[in-house]
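Residue numbers (this note's numbering), protein chains in the order written: chain A, 34 to 417; chain B, 2 to 304.
Keep in mind the hints are simulated off the structure, nothing from the lab.
It should be emphasised that the depicted structure is a prediction, and the values quoted were computed from it without experimental measurement.
Note that CB positions come from ideal geometry on N, CA and C, so glycine has one too.
Misleading hints may appear alongside valid ones.
Pairs of lysine to aspartate or glutamate, EDC-like flavour, derived with a Cα cap of 16 angstroms [said to hold, decoys possible]: (1) A/Lys232 with B/Glu128; (2) A/Lys49 with A/Glu206; (3) B/Lys257 with B/Asp210; (4) A/Lys49 with A/Glu214; (5) B/Lys174 with B/Asp97; (6) A/Lys274 with A/Glu206; (7) A/Lys232 with B/Asp198; (8) B/Lys102 with A/Glu258; (9) A/Lys86 with B/Glu128; (10) A/Lys317 with A/Asp289; (11) A/Lys228 with B/Glu128; (12) A/Lys49 with A/Glu73; (13) A/Lys35 with A/Glu206; (14) B/Lys302 with B/Glu269; (15) B/Lys257 with B/Glu286; (16) A/Lys49 with A/Asp209; (17) A/Lys228 with B/Glu51.
If you want the ones that stay clear, here's a sample from chain A, every Cβ over 12 angstroms from chain B, calculated [what the hints assert, rightly or not]: (18) Glu73; (19) Glu88; (20) Met94; (21) Leu97; (22) Ile98; (23) Ser101; (24) Ser102; (25) Asp212; (26) Ala222; (27) Arg223; (28) Ala225; (29) Thr236; (30) Phe246; (31) Leu263; (32) Leu374.
Example chain B residues on the side facing chain A (calculated, C-beta under 7 angstroms, incomplete) [claimed, not checked]: (33) Val53; (34) Pro186; (35) Gly253; (36) Val254.
Given next are the chains, with one letter for each unit.
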Amino acid sequence: MKKVISGNEAASIAVKLSRVQVISAYPITPQTTISEKLSEICGSGELDARFVKVESEHSAMATLIGASSTGSRTFTATSAQGLALMHEILFWASGARLPIVMVDVNRAMAAPWTIWCDQTDSLAQRDTGWLQFYCWSNQEIIDTIIAAYKISEQLLLPSMICYDGFFNSHTHEVADIPDQELVDSFLPARQAEYKLDTKDPHTFSGGTLPSMFMEFRYKVQKAFERAPELIESVYSEFDQKFGRRYNPVESYFVDDAERVLITSGSSASTAYHTVRMMRDEGEKVGLIRMRQLRPFPEAELFRAIPKGALVGVLDRNLSPGTGGVWTQEIRAALGRNNINLSLHEFVAGLGGRDISENNIREMFAGMKAADGKRQSINWIGLNR
Amino acid sequence: MNKQFDNNSVGDDGRDYEFCASHDFYGHSACPGCGEKILFRHMLDVLGPETVMVVPAGCAAVTDGVFPHSLSPVPYLHVPFGATASAAAGVRAGLDMTGRKDVTVVAWAGDGATFDIGMGALSAIAERNENILYVCYDNEAYMNTGMQRSSATPRGCWTTTTPKSRLKEEPKKDIDAIMIAHRIPYLATGSPAYLDDFKAKVEKARDTDGFKFLHLISPCPPGWRSDPSDSIKLARLAVESRVFPLYEVRNGVDYKITMQPEQCSVSEYTSCQGRFAYLKSEDSERLQAETDQAWAELERKEK
Numbered sequence: 034m035k036k037v038i039s040g041n042e043a044a045s046i047a048v049k050l051s052r053v054q055v056i057s058a059y060p061i062t063p064q065t066t067i068s069e070k071l072s073e074i075c076g077s078g079e080l081d082a083r084f085v086k087v088e089s090e091h092s093a094m095a096t097l098i099g100a101s102s103t104g105s106r107t108f109t110a111t112s113a114q115g116l117a118l119m120h121e122i123l124f125w126a127s128g129a130r131l132p133i134v135m136v137d138v139n140r141a142m143a144a145p146w147t148i149w150c151d152q153t154d155s156l157a158q159r160d161t162g163w164l165q166f167y168c169w170s171n172q173e174i175i176d177t178i179i180a181a182y183k184i185s186e187q188l189l190l191p192s193m194i195c196y197d198g199f200f201n202s203h204t205h206e207v208a209d210i211p212d213q214e215l216v217d218s219f220l221p222a223r224q225a226e227y228k229l230d231t232k233d234p235h236t237f238s239g240g241t242l243p244s245m246f247m248e249f250r251y252k253v254q255k256a257f258e259r260a261p262e263l264i265e266s267v268y269s270e271f272d273q274k275f276g277r278r279y280n281p282v283e284s285y286f287v288d289d290a291e292r293v294l295i296t297s298g299s300s301a302s303t304a305y306h307t308v309r310m311m312r313d314e315g316e317k318v319g320l321i322r323m324r325q326l327r328p329f330p331e332a333e334l335f336r337a338i339p340k341g342a343l344v345g346v347l348d349r350n351l352s353p354g355t356g357g358v359w360t361q362e363i364r365a366a367l368g369r370n371n372i373n374l375s376l377h378e379f380v381a382g383l384g385g386r387d388i389s390e391n392n393i394r395e396m397f398a399g400m401k402a403a404d405g406k407r408q409s410i411n412w413i414g415l416n417r
Numbered sequence: 002m003n004k005q006f007d008n009n010s011v012g013d014d015g016r017d018y019e020f021c022a023s024h025d026f027y028g029h030s031a032c033p034g035c036g037e038k039i040l041f042r043h044m045l046d047v048l049g050p051e052t053v054m055v056v057p058a059g060c061a062a063v064t065d066g067v068f069p070h071s072l073s074p075v076p077y078l079h080v081p082f083g084a085t086a087s088a089a090a091g092v093r094a095g096l097d098m099t100g101r102k103d104v105t106v107v108a109w110a111g112d113g114a115t116f117d118i119g120m121g122a123l124s125a126i127a128e129r130n131e132n133i134l135y136v137c138y139d140n141e142a143y144m145n146t147g148m149q150r151s152s153a154t155p156r157g158c159w160t161t162t163t164p165k166s167r168l169k170e171e172p173k174k175d176i177d178a179i180m181i182a183h184r185i186p187y188l189a190t191g192s193p194a195y196l197d198d199f200k201a202k203v204e205k206a207r208d209t210d211g212f213k214f215l216h217l218i219s220p221c222p223p224g225w226r227s228d229p230s231d232s233i234k235l236a237r238l239a240v241e242s243r244v245f246p247l248y249e250v251r252n253g254v255d256y257k258i259t260m261q262p263e264q265c266s267v268s269e270y271t272s273c274q275g276r277f278a279y280l281k282s283e284d285s286e287r288l289q290a291e292t293d294q295a296w297a298e299l300e301r302k303e304k
């Protein structure tokens, strides 16, 4: 059934369709309308779930640690400061191998105060052992959350689904809402092999010595290495059931492109629109959209980059002292694979500043042949 | 790995009253004379196997055993320091949603996790009246990390962060008053020197719906600078001196003092503990006066 919904409504609908059993959340803009909608549907009985209304995001994630350890399917949503407050517990979720699914509605980190979008909040959590997915449409939000439960519960790793605050969360667009029966056939009830069970008592996450800890981390890494194949099979099954195909990296107009921009989230929507306009004008430009940060989809990315093209990366985030996080991640992957490719690094749209069609054109215009000099950050839309 | 339990000690009412006695309870790494392990064992004797423990960083976390060993005969979930109360609420929600409403969820935390880093989350689950038994084993400092002061440390006490040159100047935080102010269904204090009293309170807590808080005095020989063989004596003197009175409160209003032993002086309690070695006579007099005042207040509330 097609409906006009906001991004946050899309997330709530996906939680309901996934038959989540325990929800815990704390209000923060721009996530809050997810919690409000979920409160309504839990209150009315439309979804048979317990909504634990906690006093902080640290407690929201701690509540899910407890709930997920019982074998329940769990959900929370947050943004920015809330996600940072969870930081300690995010490591615990992945180390304890709990398939928690969380939405992070991307919002810049204060100070100074801002409620507006950039991706620094979720990108700063890249080392916590969570799978990370980035969406650009409300349809993709619904579908990615449903798929994430299937992926997480098989890998025993938590998933973070990220989309841009206000640009996605509060923008209404048409989405096809899947039938419950179809979702049930794709995503059966969670079967936890290990859980808190008085009939089969076990101790979880107890103390380890230096002789053991590394093996636990090795196993987390191995699970991430298994992830690409599993994600591919889950997306294939999703396509067969729902008729929508997803990939960790999506590319548009890249086949004969001479200049390519790599980006993610709502910036990719603006870039997509601009690339189409520029194509009409005869410019050979293309777009690559990153849908996944962890595991980092390097094989898919390298397949998408056309040979000989100039490549730019649009980062709506900043790791002060180095630069855009996506740029750093892509450079690391290039180096790991001994690929010599110079990247143009564009930082734009921090704290919700608009990234306009003109900004995107400026980025393509800025992509010049490598001159052997050190690449530095290109600030786009900055008032100097 | 947890040992399976046997059924040799099941009483007429079907409860396993000797649950822990029938379970060897072997291999914990607590110090000799540790109050926490005595309290844990006797609590589980009352609660039996249908219990899930939620345990933050602290003595109970490290003395349960090193992976893959665990002393606990019931499921035991380790959680981060400030996460006890919220994780217990999550366990409760998850068990309720998967048809296990009859299982008792116990949050088992020291004074650091309860009075300090977990205070906000504890207040939250009390306000929400979560169906959880929260137990604080109070040894009056961060003993596991090496005896640093907490807000549960008494005035005039030596710890490694309140050294001889600057003993703790502030009185112990009144956690009971804070929890009572939440009007929770059941609150009680307990001591390992009065096991019948303690076990009766565990049973009442188990059979009460909603949020329950037990505050237990837990002697700690290394931190209290006391002889391990004196732990039960100290747990008794704490009650006799009225420094740690045994009482219970229902719904935040209905007070009952459950043990009224003959009174001894506060200095009788403090004098056999090295942590109070630097108390001056005027400090001791002040502690005695504060203790007498608190007891009079408690008696007034009971009426």
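Status of each hint after checking the structure:
A distance of roughly 31 angstroms separates the Cα atoms of lysine 232 of chain A and glutamate 128 of chain B; the hinted pair therefore is violated under the 16 angstroms criterion. For the suggested pair lysine 49 of chain A and glutamate 206 of chain A, the alpha carbons sit about 19 angstroms apart, so the restraint of at most 16 angstroms is broken. Between lysine 257 of chain B and aspartate 210 of chain B, the direct Cα distance comes to roughly 19 angstroms. Violation of the 16 angstroms bound is thereby established for this hinted pair. For the suggested pair lysine 49 of chain A and glutamate 214 of chain A, the alpha carbons sit about 12 angstroms apart, so the restraint of at most 16 angstroms is met.
Using a Cα cut-off of 16 angstroms, the hinted pair lysine 174 of chain B and aspartate 97 of chain B is violated, with the two alpha carbons roughly 34 angstroms apart. Distance check on the hinted pair: lysine 274 of chain A and glutamate 206 of chain A sit about 23 angstroms apart at the alpha-carbon level, beyond 16 angstroms; violated. The hinted pair formed by lysine 232 of chain A and aspartate 198 of chain B fails the criterion: a straight-line CA distance of about 29 angstroms is larger than 16 angstroms. Of the pairs offered as hints, the one joining lysine 102 of chain B and glutamate 258 of chain A is violated, with about 38 angstroms between alpha carbons and a cut-off of 16 angstroms exceeded.
At roughly 11 angstroms between alpha-carbon atoms, lysine 86 of chain A and glutamate 128 of chain B fall within 16 angstroms of each other, so this suggested pair holds. The straight-line distance between the Cα atoms of lysine 317 of chain A and aspartate 289 of chain A is roughly 7 angstroms, inside the 16 angstroms bound, and the hint therefore holds. For the hint pairing lysine 228 of chain A with glutamate 128 of chain B, the CA-to-CA distance comes to about 28 angstroms; that exceeds 16 angstroms, so the pair is violated. Pair hint lysine 49 of chain A plus glutamate 73 of chain A holds up; C-alpha atoms about 11 angstroms apart against a cutoff of 16 angstroms.
Taking the CA atoms of lysine 35 of chain A and glutamate 206 of chain A, the gap is near 10 angstroms; set against the 16 angstroms cutoff, the hint holds. Proximity of lysine 302 of chain B to glutamate 269 of chain B is assessed by CA-CA distance (about 26 angstroms); at most 16 angstroms being required, the pair is judged violated. Note on lysine 257 of chain B and glutamate 286 of chain B: the hinted pairing is violated, with a Cα-Cα distance of about 27 angstroms set against a maximum of 16 angstroms. Restraint check for lysine 49 of chain A and aspartate 209 of chain A: the C-alpha separation of about 15 angstroms stays at or below 16 angstroms, so the hint holds.
With a C-alpha separation of about 14 angstroms, the suggested pair lysine 228 of chain A and glutamate 51 of chain B falls inside the 16 angstroms cut-off, and the hint holds. For glutamate 73 of chain A, the requirement that its beta carbon stay farther than 12 angstroms from each beta carbon of chain B is met, with the minimum near 18 angstroms. At roughly 4 angstroms from the closest C-beta of chain B, the C-beta of glutamate 88 of chain A falls inside 12 angstroms, breaking its exclusion from the interface. Its beta-carbon lying about 8 angstroms from the closest one in chain B, methionine 94 of chain A breaks the requirement of being farther than 12 angstroms from that chain.
Look at leucine 97 of chain A: its CB is around 6 angstroms from the nearest CB on chain B, not clear of 12 angstroms, so calling it non-interface is violated. Against the 12 angstroms criterion, isoleucine 98 of chain A falls within the reach of chain B, whose nearest CB is about 5 angstroms from its own CB. Non-interface status of serine 101 of chain A relative to chain B is broken: a Cβ of that chain comes within 12 angstroms, the nearest being about 7 angstroms off. The beta carbon of serine 102 of chain A sits about 6 angstroms from the closest Cβ of chain B, which is not more than 12 angstroms, so the claim that it is off the interface is violated.
At roughly 24 angstroms from the closest C-beta of chain B, the C-beta of aspartate 212 of chain A stays outside 12 angstroms, upholding its exclusion from the interface. A beta-carbon of chain B is positioned within 12 angstroms of the beta-carbon of alanine 222 of chain A; the least distance is around 10 angstroms. Here arginine 223 of chain A does not stay apart from chain B, with its beta-carbon only about 10 angstroms from theirs, under the 12 angstroms limit. The beta carbon of alanine 225 of chain A sits about 9 angstroms from the closest Cβ of chain B, which is not more than 12 angstroms, so the claim that it is off the interface is violated.
Chain B draws threonine 236 of chain A into its interface by the beta-carbon criterion, the shortest separation being 4 angstroms against a cut-off of 12 angstroms. Taking the minimum C-beta to C-beta distance to chain B, about 9 angstroms, the non-interface status of phenylalanine 246 of chain A is violated against the 12 angstroms cut. Consistency note on leucine 263 of chain A: stated as away from chain B, and its beta-carbon is indeed over 12 angstroms from all of that chain's, at 25 angstroms minimum. Non-interface status of leucine 374 of chain A relative to chain B is upheld: no Cβ of that chain comes within 12 angstroms, the nearest being about 41 angstroms off.
Because the beta carbon of valine 53 of chain B sits about 5 angstroms from the nearest beta carbon in chain A, less than 7 angstroms, this interface hint is met. Using the Cβ-Cβ criterion of 7 angstroms, the hint placing proline 186 of chain B at the interface with chain A is not satisfied: the shortest such distance is roughly 19 angstroms. The criterion of a C-beta within 7 angstroms of any C-beta in chain A is not met by glycine 253 of chain B, whose closest approach is roughly 20 angstroms, and the hint is violated. A cut of 7 angstroms between beta carbons decides the hint on valine 254 of chain B: the least distance to chain A is about 25 angstroms, and the hint is violated.
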